Amino acid sequence: MSEATYTETLDVSASPAVPFHRIVEVELRKMTDTRSGKWLLITIAVITVLAVGLVLAFAHSQDKVFETFIGIAATPQGFLLPVLGVLLVTSEWSQRAGMTTFTLVPQRRRVLAAKVAAAVLFGLAAIALALVVAALATLLADQPDRWGSYGIGDVGKFALLQTMGILQGLAFGMLFLNSAAAIVTYFVVPIAFSIVTGVVEQLRHVQPWIDLNTSQQPLFGGDGLTGKEWAQLATGTLIWIVLPLAVGAWRMLRAEVK
Amino acid sequence: MVYLVIEVDTVSKTYGSFTALDKVSFRARQGRVTGFLGPNGAGKSTTMRVMVGLTPPTSGTVTIGGHRYADLTNPARHIGTLLDASAQHAGRTGREILALGAKTIGAPSTKVDELLALVGLTGKEAKRRVRHYSLGMRQRLGIAHALLGEPSVLILDEPVNGLDPAGIHWMRVMLRDYAARGCTVLLSSHLLHEVEMIADDIVLIDRGRILWQGAKDDLLSVKGTMVRAVEADALQQALEAEGFSVSAAAQELQVEAEPVEVGSVAARHGITLIELRPAQGAGLEALFLQLTATGAMPAGVQS
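In order, the protein sequence lines correspond to chains D and G.
Going by numbering that gives the first Met the number 0, the first sequence opens with residue 0, and the numbers climb by one from there.
Going by numbering that gives the first Met the number 0, the second sequence opens with residue 0, and the numbers climb by one from there.
Simulated from the structure, these hints should not be mistaken for laboratory data.
None of the values given here were measured: they were computed from a predicted structure.
There's no promise every hint is true.
Claimed, not checked - Dumping the calculated DSBU-like pairs for lysine-lysine here, alpha-carbon to alpha-carbon at most 35 Å:
(1) G/Lys-110 with G/Lys-123
(2) D/Lys-227 with D/Lys-156
(3) D/Lys-63 with D/Lys-227
(4) G/Lys-123 with D/Lys-257
(5) D/Lys-156 with D/Lys-37
(6) D/Lys-63 with D/Lys-37
(7) D/Lys-257 with G/Lys-22
(8) G/Lys-110 with D/Lys-257
(9) G/Lys-126 with D/Lys-37
(10) D/Lys-63 with G/Lys-126
(11) D/Lys-37 with G/Lys-22
(12) G/Lys-123 with D/Lys-37
(13) G/Lys-126 with G/Lys-102
(14) D/Lys-37 with G/Lys-110
(15) G/Lys-123 with G/Lys-102
(16) D/Lys-156 with D/Lys-63
(17) D/Lys-257 with G/Lys-102
(18) D/Lys-227 with D/Lys-37
(19) G/Lys-126 with G/Lys-110
Stated by the list, open to error - Simulated restraints on C-beta separations:
(20) D/Ala-180 with G/Asp-112: 36 to 42 Å
(21) G/Thr-13 with D/Leu-252: 16 to 22 Å
(22) D/Thr-42 with G/Ala-69: 34 to 40 Å
Note that CB positions come from ideal geometry on N, CA and C, so glycine has one too.
Kindly generate the complete structure, drawing on both the sequences and the hints.
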């Protein structure tokens with residue numbers, strides 16, 4: 000086109016930016032409006048109730064205390080929350096819905112941050128559910144010293160554990176951008192790692208520093224963490240959550256969406 | 000004249016040694032429908048993904064009304080996009096996909112029903128999961144999604160694909176209406192006659208390079224005359240004897256002359272004409288084939 004044209008600037012001042020809380024709300028809703036997402040959430044809730052219910056029905060009376068209930072609720076959640084974290088990211092890529100997501104919000108880091116927020120919120124909801132169900136079961140069992148020494152610090156450790164799990168799932172999802180690869184790696188790597196440390200004796204003394212499963216063990220216990228244990232938790236988190244999250248974020252921010 | 004345009008400025012995209020886009024530059028102007036025409040694999044979709052920031056270009060820039068898409072904080076309020084009607088979570092219902100979009104960009108939820116009605120998806124269809132949609136239904140949903148924010152610019156990748164004739168007619172009317180109201184419409188297609196029917200301007204791309212761009216009328220106005228005569232051979236000889244270039248095409252002759260010149264030659268030689276008309280309309284296909292025919296024709300060319 001050879002004739003002179005003058006570009007008028009599109010006036011965008013009248014349209015307010017998409018607020019962050021709305022992106023988070025949409026991310027939460029996207030986890031509940033598909034069958035896979037909905038059933039995963041229902042499964043997490045049902046298994047939490049079921050696990051606590053089984054203990055309530057069949058355990059020895061003296062075991063029917065809050066700490067047992069919360070412990071039994073945490074285990075299946077620990078498996079399923081990371082899967083939720085994985086799906087939060089990978090559904091955008093496997094179903095190619097990301098084309099829409101990133102066209103509506105081209106600032107991908109905002110979408111990424113919203114997914115982290117959504118993951119944490121789902122984690123907190125699961126934790127709240129576990130606490131409520133465990134508390135109800137404790138009241139029903141009505142055993143002496145039923146609350147034991149369980150305190151706010153223990154709730155914090157439990158919350159930390161579950162949140163770490165869902166964030167690790169999210170990180171692996173971003174790293175692989177593929178549900179199967181992310182989920183398999185999430186579950187296989189720790190097993191492979193414990194086999195390696197079982198065989199290679201020299202690794203055993205560094206294991207708590209580099210194996211997240213090992214460094215997370217104190218979070219299950221009733222005692223507070225020592226400084227060394229906190230440090231080991233930090234290095235494990237750095238290797239297995241922060242690093243994959245950073246690499247995954249770098250990948251997600253730059254990847255071609257098609 | 001002041002135009003609000005999509006400006007694609009020397010955009011290149013390479014994947015390793017493969018050049019998907021080679022210094023692509025063109026404009027789509029306000030109030031006009033611009034057809035982005037090329038065979039499959041020519042680079043249309045890649046160009047459109049670059050426009051909205053889904054694909055980072057190796058070099059070059061795209062501005063829409065003076066803005067880079069990625070700089071806009073709520074782009075769908077101004078620029079409606081349909082890049083791939085099938086790129087939706089198959090497990091969501093059509094209505095839910097629109098509702099999510101409306102919520103994200105802050106459009107009123109009443110917009111969802113309004114647009115479902117506009118694109119002709121019934122309430123029952125909207126409640127079905129997209130997995131069960133035909134391509135035509137996905138295109139209608141995609142158009143509705145693009146219109147959620149009442150945009151003044153539309154970027155549509157192969158929007159006509161999969162639509163039935165009624166749907167194609169509907170799309171044509173709607174896009175023409177949009178352009179008439181001062182919107183900028185860019186649509187890609189590998190279907191020649193679709194672009195011919197809908198577009199005002201045409202950008203022709205093949206193998207990542209822009210071959211031609213300009214007004215459709217310029218592209219279509221092939222100089223010459225199409226003529227059919229009872230004595231076709233005699234007419235051809237007579238015309239050639241008068242120095243006109245003649246080529247035989249099917250039942251008729253194409254002459255590089257005005258119809259009146261052909262008619263007078265026929266009259267002087269007592270030749271009976273059956274049909275005499277300016278050579279228009281057939282031009283785009285011929286040009287499309289000609290421009291894209293350097294080397295082997297890509298397999299995807301259809302008309």
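For each hint, the structure was consulted:
For the given pair, G/Lys-110 sits about 17 Å from G/Lys-123 by alpha-carbon distance, which is consistent with the 35 Å threshold. For a cut-off of 35 Å, the pair hint linking D/Lys-227 to D/Lys-156 stands: about 16 Å separates their Cα positions. With a CA separation close to 32 Å, the supplied pair D/Lys-63 and D/Lys-227 stays within the 35 Å bound. For a cut-off of 35 Å, the pair hint linking G/Lys-123 to D/Lys-257 stands: about 30 Å separates their Cα positions.
Taken as a hint, the D/Lys-156 and D/Lys-37 pair is honoured in the structure, with Cα atoms around 27 Å apart against an allowance of 35 Å. This hinted pair checks out: D/Lys-63 and D/Lys-37 have alpha carbons roughly 31 Å apart, not beyond 35 Å. With a C-alpha separation of about 21 Å, the suggested pair D/Lys-257 and G/Lys-22 falls inside the 35 Å cut-off, and the hint holds. Pair hint G/Lys-110 plus D/Lys-257 holds up; C-alpha atoms about 27 Å apart against a cutoff of 35 Å.
At roughly 17 Å between alpha-carbon atoms, G/Lys-126 and D/Lys-37 fall within 35 Å of each other, so this suggested pair holds. This hinted pair does not check out: D/Lys-63 and G/Lys-126 have alpha carbons roughly 47 Å apart, beyond 35 Å. Annotation: proposed proximity of D/Lys-37 to G/Lys-22 is violated, straight-line Cα distance about 46 Å (limit 35 Å). With a CA separation close to 22 Å, the supplied pair G/Lys-123 and D/Lys-37 stays within the 35 Å bound.
Restraint check for G/Lys-126 and G/Lys-102: satisfied, since their Cα atoms lie roughly 18 Å apart, inside the 35 Å limit. At most 35 Å may separate the alpha-carbon atoms for a hinted pair to count; D/Lys-37 and G/Lys-110 meet this at roughly 26 Å. Between the alpha carbons of G/Lys-123 and G/Lys-102 the distance comes to roughly 22 Å, so the proposed pair stays at or under 35 Å and holds. A hinted pair counts as satisfied when its Cα atoms are at most 35 Å apart, and D/Lys-156 with D/Lys-63 qualifies at roughly 21 Å.
Among the hinted pairs, D/Lys-257 with G/Lys-102 is consistent with the structure: their alpha-carbon atoms are about 23 Å apart, no more than 35 Å. Between D/Lys-227 and D/Lys-37 the alpha-carbon distance is near 40 Å, which puts this suggested pair outside the 35 Å criterion. With a CA separation close to 16 Å, the supplied pair G/Lys-126 and G/Lys-110 stays within the 35 Å bound. Here the CB-CB span from D/Ala-180 to G/Asp-112 is close to 40 Å, well matched to the stated 36 to 42 Å.
For the pair G/Thr-13 and D/Leu-252, the beta carbons lie near 20 Å from each other, so the given range of 16 to 22 Å is met. Distance hint check for D/Thr-42 and G/Ala-69: the Cβ-Cβ separation is about 38 Å, which falls inside the suggested range of 34 to 40 Å.
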